[in-house]
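Chemist: Generate coordinates for the entire structure from the input sequences, incorporating the hints supplied.
Here are the chains, one letter per residue:
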Amino acid sequence: MKNEEQLFWKFGKSFSKGTVLFREGDLGRDMFIVQQGKVQVKKRVGSTEELLAELSTGEFFGEMALLIGLDRSATVEVIEDSKLLVISPETFASLLKSDIEIALKMLKKMAARLRAVDEHLETALLEAKKEKRPG
Amino acid sequence: MKEGTRLFRKFGQRFPAGTLLFEEGQPCVGMFIIQRGRVCLFKKMGGKKITIDVLGEGDFFGEMACLIGRPRSINAVVEEDSEILVVQPEILESLFRGNSGMGLKVLGNLASRLKKAYEIIEGLIQDREHPSS
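Going line by line, the protein sequences match chains A and B.
Following our numbering, the numbering of the first sequence begins with 388 at its first residue and continues without gaps.
Following our numbering, the numbering of the second sequence begins with 35 at its first residue and continues without gaps.
25 Å max Cα-Cα, derived DMTMM-like pairs, lysine to aspartate or glutamate:
(1) B/Lys139 <-> B/Glu153
(2) B/Lys139 <-> A/Asp458
(3) A/Lys430 <-> B/Asp161
Since the hints were derived computationally from the structure, they do not count as laboratory data.
Modeler: Here you go:
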């Protein structure tokens, strides 16, 4: 059995188009990895809902809830019939150990996200400072 | 030989207070793990030094630039005489691949920092929507 099939057999679930996996503010500790298909990540900003990202094969989400117990900070909806790996905190550590490529990919992706957020933050802080200055 | 001593023999270096370990814009030469001492991470903004964090024994830093293959985004200076493990990028990858649990530790640390950044951003958005002044 190929590694991918093995993973799906162990952790995989199929979700049909239209399924809402979780909503902003929900509690939940599972992380998801897209093996096949596509999901949309959306967030309420004021009264509108903004599309943050579309994730497809090989990408993951929900890792913040798993790693540090954060409430869901966005809503995720399946927009194409999908096969997802559902990883609970209990299985996370063993997954990382058994599949080093996933672990390294996650590390790199997280670091890239953090850098991107830090850069946004720097710009926002500079702007906030400018706005506070009178005149 | 204790694990700490063994690691220090392999990767350790002593840095006197005041040593600038790296600066914004420099390429990554490795990740740092503090065995003893204190290091200040800071950013220069408009000529001012803004402290991001002060790290001590057991803390690590400098892994971001290695992981994403981009230049340093911050500066790191030694605040008191320190013993630090310097792990080169090639070794870092094998460290993550090994059973040290380092990968998981770094992942958890990145997540906490992301959370902190999100909280600051949310604060900024709220300030903008409901200015207190």
